[in-house]
Amino acid sequence: MQIQISRVQLITILVWVVLGTGIVTIPAAIAQFTIHDAWMIPLFFLFGGGGVALVAHLFMKTFPHQSLAQAAENSLGHIFGSGLVIWILIWLYLAVTTIARELSAFATTVILPHTPEYVISAFNLFVVAYLVYLGLEVIARVNEFITPLVLISVPILFILSVRNFEFEQFLPMFADGMSPIARAAVVQLLDYSLEMLIVLQIIPTLESPQTIGKDILIASAIITGILSLIVTLTVGIVGPSTSYLNYPVLEIVRSIRIGKFIERLDTLYVMGVVSTLILKVAMFHYCLCDTWKDLFHLSSIRLLAWSGGLVVWTGSLFLFGNMADVYHFIMDTAPIYFLLTMVGIPLLLIATQKLFKK
Amino acid sequence: MSEMSILFALVLWFAQRRQLRAAPIRERVIWYAMVGLAISFAFVISWHLAPNLQPLAWIDRLFDPLTHKLYQIL
Amino acid sequence: MKAKKLIGRKLSNIKTCRSQRTHRKLPHPTSGDATERTLPAQIAKVQEWIEQEWHPCTDLQFRTLRVNQHELLLVWIQGLVAKEYIQSGILQPLLSGDLTLETLRDVADHLQTVTIDPIHTLDDCNVALEDGKVVISLDGQSRGLAVDVSKIPGRSLEKAENEPTLHGPQEAFVENAATNISLLRKRIRSPRLKIETYILGSYSKTSVSILYIEGITKPALLTEMRERLLRIHTDMVHDLNDLQEYIADEAFTLFPLTEETERPERVAANLLQGRAGIIADGSPFCLMVPATFVNFLTSPDDYYMQYSLVLPLRVLRHVMYWISILLPAMYVALLTYNQDLLPTPLLISVTAQHAGIPFPTVVEALLMLAAFEALREAGTRLPRAVGQSVSIVGTLIIGDAAVRAGLVSPGIIIAVASTGVASFTLPALGLVSSSRNIQFLFVIVAGLLGLYGILLLGMLLVGHLVSLRSFGVPYMSPIAPMIWSDMKDVVIRSPWWAMKRRPRQFEPQNPVRSDRMPPGPKQQKRI
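Residue numbers (my numbering), protein chains in the order written: chain C, 1 to 358; chain Z, 359 to 432; chain F, 433 to 959.
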């Protein structure tokens, strides 16, 4: 049966591909550079989204109905193409292990601190592997199913927390000039927005690939709106502490207290975040398996989903000794690595196709 | 963790043994390679060898200086 | 081609516009190649063969008549025919007057019955007898006649007991397929209502019919239904529930993938949506396919009430479904792992109730759920009057005694009883049964991992639900995949005048209900 991912499904996938981890780590990452001007950083996401949309649109025009791995092989030939696909595979593996580690660390720290992290991680990846085993259509539908639930519950949590908001946290504006703002924008521009380019691998399954650029722009607008709300609220409520808290958004939910019966709602927030994080890992794991399938010309990803899940489980704990390693990877390695891989490779393929295959 | 990874590998093999038997040799080789890799990672973690191996050092060496350069420019 | 091979032959001479009665070529259980053997010309041989074939069957009846030198053999099965019709429709016309019966045509011309079918083979003869017909063989003719004077025992129309409604029609299907079809014909008076009948089960020879509206139902759905039915090779089809398992898309699921209803008007409405129905002789239900999850949270009453009143009821049912699955597990998680979610006074109260209970909360919950299921099962199996007493005795007396004895806490009694009440709000029994099983799984994971376990199992459940299909239609549509135009009958029930189009999810051939815009409030104001 031909998989068909609708435009709505693609947009929900893109939103959670960024916000799955973005909602947890972006406020803290921004706060490393600036607090007073933090509210304006998410607006830069639109530029990243625009760039990603442009690359995706050009790629789709040049390689209609081809995935990134297929295009690499078709454009550069078997040997060079395969080399490039292996590079993409390594990137995908590192990305999925990073997210899986973020997920397990978050769940262990916040929900079950006495349970070993590898046990939590195993449970998470069981769910992820099951979703990938069922296929992309199922991942897309779970995205569609969960999105309204999260979009209803999370704004309620934020509205309830508004009474602790202090506008003074944002003053004075531009106190340290533009430099901290530009540096704070790097992570979300080069890490998170570029993650959206994994959709290049699923182009053959899209119901309407010709609108991919437009869909990425719509998703970017939604993400920018949500991120702006989260970052503004986090800094407005938590203040300078945002820079040294691991999960500052959690603190704003913890601050909710209405009467004697509505309080300590952080568990509900955690449930929402974990579910979207699982969807993000599932999407990356699917793309990893699909790239693997394209590289080795396999018939399906059904065997890879589970065995690959096992490698991601152990790899997430092997590659990153602790959360400091993860943050180091996100802040210091990923920006240029992601830029060269997810923008460089598609542009290289497009250029090769345009120059030599005409 | 190593015991758990072996247990998972066995359960996985049991659950997918029919699919594996029916699959072409290439898919079987990849499956066994993946499971073997997962178990070896698990043993490396269990024996506390991971910090000495620094598996991401090569990628850090490649991209960290470039990223730092970017931060400096900004 | 394959379907053609499987369908043996059609009894094309049946003069009824109701159905195409299609027989599959099945080996006779005892005689091997009975289908190939033509009827002997001598009635003595016919009698001998039937006697051998049916021996010992004391309900098999023979009668030989001599009319003007012509010998006739009448065969029937006692209990399946109306003797008064044999008397008035066959014996009286044949024995009155001076008749010349040289051919079967002469015999048929004198009979005073409605349906007469020709018989060519011994297998036809067996089928006719099983159907409650009288087989007539004329000496010297290698064919026979099957005269329908059947009077198969069955009950008369009654009220729908499993799907009761306050408003709307009350009659329900019975075990007779012909009666059930006539109940549908009463509601859809159109030749476009088509009925295709197949005989399934080498011994039971159950007639199973596919119902659909030509021009509305997607032809691919019908092809798929035919293929799935014709793949069934078994000796007996007891009921539609057997068929349900044979034709379902997924074997390993707790969720019903076909919808069962006993209400003819519900079937009629569903057929007009582009779905198809399956009825079987002997089953007082109709299976509707494709079935989606939201179909099971829809009550017939929703369509007889004012649309604005349906919204809160639908919301309530959706919430109650998830409560029926999650409430005991949430109780266990909140008390075992996530006490911080409970307001302090409530936490103190619940913990105090639990003091002195010998079991951990998860064991307590599992025991209470098992006890509740036992009571529910006892109440269902026993005669109604006794069953109700058992439920009341069980819930009130045993529950109270268990709390007093310090075996369980009052909190878990409240949680389990509320779960039971929540499940009683669900209109479809299939969904209730699945939620009863799933709640145990959730309680176990809540005991192991708290709310986190509930979340993970919830993700697995949602993944499983969205992966299911019923005859190609995604089970969770129109929620996932989202079909906006079909959301008008999910959580809300739009007014009838707004339901201009049939649900897109079933891909009807003719998606529009009427060419003219149905009258809405605005148009009426203009008048």
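Don't read these hints as lab results, they were simulated from the structure. For each residue, glycine too, the CB sits at the ideal point set by N, CA and C. It cannot be assumed that every hint is accurate.
[Unchecked claim] Taking CB as the label site, the calculated pair distances span: (1) Z:His426 / C:Asn246: 55 to 61 Å; (2) Z:Leu407 / F:Pro775: 28 to 34 Å; (3) C:Ala351 / Z:Trp371: 30 to 36 Å.
[Said to hold, decoys possible] If you want the ones that stay clear, here's a sample from chain F, every Cβ over 12 Å from chain C, calculated: (4) Lys477; (5) Asp530; (6) Leu766; (7) Tyr769; (8) Asp772; (9) Pro775.
[Claimed, not checked] Here's a subset of chain C near chain Z, in silico, CB distances under 10 Å, partners left out: (10) Met40; (11) Leu43; (12) Leu94.
Going down the list of hints, with the structure as the test:
no., hint, in the structure
1, Z:His426 / C:Asn246: 55 to 61 Å, "23 Å, violated"
2, Z:Leu407 / F:Pro775: 28 to 34 Å, "48 Å, violated"
3, C:Ala351 / Z:Trp371: 30 to 36 Å, "45 Å, violated"
4, Lys477, "56 Å, holds"
5, Asp530, "71 Å, holds"
6, Leu766, "10 Å, violated"
7, Tyr769, "8 Å, violated"
8, Asp772, "5 Å, violated"
9, Pro775, "4 Å, violated"
10, Met40, "15 Å, violated"
11, Leu43, "17 Å, violated"
12, Leu94, "7 Å, holds"
Of the hints listed earlier, those the structure fails to meet are numbers 1, 2, 3, 6, 7, 8, 9, 10, 11, in rising order.
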